[in-house]
Structure formats: C-alpha cells, structure tokens
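Fit chain L to the given chain U structure using the hints.
Given next are the chains, with one letter for each unit.
Protein chains: 2
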Amino acid sequence: MGALTNSIPEKTIERLSEYRRTLLACHKQGISHIFSHVLAGMHGITAVQVRRDLMLIGFSSDTKKGYDVEELIKYISTILDSQEPMNIAVIGMGHLGQAITKYFNGKRLKLRITAAFDVDPEKVGKIIDEIPCYHMDNFEEIVADKDIAMVVVSSPTKVAPQLVLPIINAGIRGVLNFTSTPLNFPQGIVVENYDITTLLEKVAYFVKEADNSNI
Amino acid sequence: MGALTNSIPEKTIERLSEYRRTLLACHKQGISHIFSHVLAGMHGITAVQVRRDLMLIGFSSDTKKGYDVEELIKYISTILDSQEPMNIAVIGMGHLGQAITKYFNGKRLKLRITAAFDVDPEKVGKIIDEIPCYHMDNFEEIVADKDIAMVVVSSPTKVAPQLVLPIINAGIRGVLNFTSTPLNFPQGIVVENYDITTLLEKVAYFVKEADNSNI
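Line order of the protein sequences matches chains U and L.
For what it's worth, my numbering labels the leading residue of the first sequence as 160, then goes sequentially.
For what it's worth, my numbering labels the leading residue of the second sequence as 160, then goes sequentially.
Isolated chain U (complex conformation) (with noise of 0.2 Å):
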C-alpha cells in the first residue's frame, strides 16, 4: 500500500469488511444482537481485538444484549463505503478474471465490477457473467464512459509491466494486482499486489515452523 497517511490501520480496514461480512450473514439469519467475542470467534481472532477496532472507528455502543447488528452494518458501512457506487473493471478474464466477476457481483451495492478488458477475440466483445468484455486496445475510452475508478489486474504475469501505462493515463485510482509482477505507480494511485504465490509460500513457511517446533 502507498504512503498513505491515515488515522486507520490497514489491517483494522481488513477486519472491518471482514465484520461486516460476517454481520451480514447473521443479519440474514434474523441474528438482532451479537457479542464482541462471538464475533471476534468467528474470525479467529480476540475480543480485545475487536473491541479495539471498533473503538478506533468510534462505535461504542456496545449494551448487555452486544452489539446491534443492524446498527454495527451501518455504522462500518459509512466507514467503508463511498457516497457514490465505485465501478471496477477487471484486465485479462482468464479463469481468475471470471472467478473474481463471478464470485463479486450482486455481493456489494457500493462496489461493482461494470467492465472486463482481454485482448483474447474469443472473449472480446461478449457478455461474460453479466459484464461486457472490451479489448485492451479502448481502455482508456471505455474507463471514462463508464466512470471506472479501481482496477483488478488478473492477466498473465508477463504482460503486466504493459498496462501501467494505460492505467495511468486512464486516471484510474485503485489497483488490486494478482500477477506475480508487483506494479509500482506514481504517489495518488493506491496498489496493492497480491501474489498467490506469495500466500502459499507464507502458509508454508508457518507450517514448516509449527512443525519445526513439535520437534
């Protein structure tokens, strides 16, 4: 993440969408009133933890009941959300561009993947789940007719460095890369990469010292 200068931690950000999601589902299940540490156990994590987040966000309104659900929803939702909905597209719809479109729409009001880009003519020009892909070649053109703000950079590693560029002159503000080519941009825009590789390596390295440490 840039050197952005904020009073939230990134880490409190993540936990933050990550309580809202879980309150949603309670939400659905007719759940009125939940407990800081039934949350902070459906997360793995402790109750000082969560009450600490929520405390750094200014919702206090915790009663002998818990926490309201509704009222915690709304509450992280104005932390979270933007006023307007922010429109994302997605670069390269291989199997891991289509599983994001797939697994994303419908989830979120405030955040919605609208666009799909590939250079594929197999894809370009089709509907795929719902989102019209276009060729690389009209992204600037298409991100200002359709007010994009974020990208998700799912195409092969390789031709990753190539769309710096055109994200650049195309004013988009928020990059989510999964290449396992971390991407640099200039200060302003916000980035940030997401190896898979990376993820399992870190897996593999605390599996390995969790053993290491039965010995």
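In short, the hints are calculated from the structure, not lab data.
For glycine and all other residues, C-beta sits at the position ideal for the given N, C-alpha and C.
Chain U stretches covered by chain L per the calculated footprint, using a threshold of three residues with CB under 8 Å from any CB of chain L: (1) 167 to 180; (2) 243 to 255; (3) 324 to 337.
Below, chain L without anything else, positioned relative to chain U:
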C-alpha cells in the same frame, strides 16, 4: 494467522517471498548483483525496509556491488523452504481453483500442487492442468496416500464450513482459504483467510480516503 510465536514477522515472510521472486527474475536476466535501493524500488518500498528484512534473517553480505543475487536467493530459500517438497491440494476446481493450479505449478520446486478435489462429476476422475481431480469423499485417503500437507480452499463459499472437519481429520497442517467464510481450525493448523472482497474493499477505502484528502 494463528498465534504462532515466531521471530520473523508475517509481513517480512511475505516480502522475502516477493524478493526471491524478483531475484529469480533478475538471475534469469543475467544480473549478478543488486543494490538494496534497486530491489526496494522494484517493490515500491524503502531501501531501509529491505536492509532491515535481510538483517532480520541474518543476511549481511552487502558489498560495494550490492547483494549477490544468487547467494541471496539461496539464503532466502533456506529460510522459506522446508527440506522436503511440500504437497498441496486444491479443494474446488472452479475458475479460481483452476487459475491457482495453472498459475502455480512449475513455479516452485519445494511447493507443488499434486491433487485437486471437487464433487462435480464433470471434473472428478479427470486430469485438469496435469493435476488429477478426486471426489471429496476420498479426501482423507488421498491426502494420506499423497502425503499432502496443505490445502487451498477455492470451493463455493457456502460449502466451505463443511470442509473444516475433513481437513482436520486428514491431518492437514496449513490452509489457504479464498472463500468469504473465515474458517477456524484448532491450534496447530495454520490458516490464512484471503477473501477477494476484503481486498477490493480495502483498495476502495484507500481510494476514497485519497480522494477526500485531495478535496
């Protein structure tokens, strides 16, 4: 990540994995030495951070020509890799499972995806991207047969909770979960929950904050 006591922080492990990937690419291009600020620049971080990470793992052979690329790759590998290759299974061979398999295999000698699981009769019994796909009913048996230590969960979110018991019973030691349901395991099983929605919401939040600070 679980409450593992370990002297190397998670974020450092992630960066070491990323440095190694960059160093391998440099090595391929015939680059023999690299300065900390160059390596840092390729990852959008400071040279101080790179030096601190390498100091933490005890690598200190910074010469006037910078770090020896080959030596540093070997050194990082002694930290990250286990002695024996670790076998991984993917549970759920939809778009995401196939993206992960395709993307990962052949990239790391010490980590390899050797089995896939699904319940779809169209997939079970087939070889998908060189990986045999088994029925989830045979999970424990195949895990034992193939000495699988880690799983990637890329199933539909709604079935993810049903996977927890089979994963525990099969003796799996590390889980990388990409579904929207955080999965909890007993201590001793390393879990990393990576929901794509969370990542997107995080980028969106920082885009919104950057916008606000520019007003």
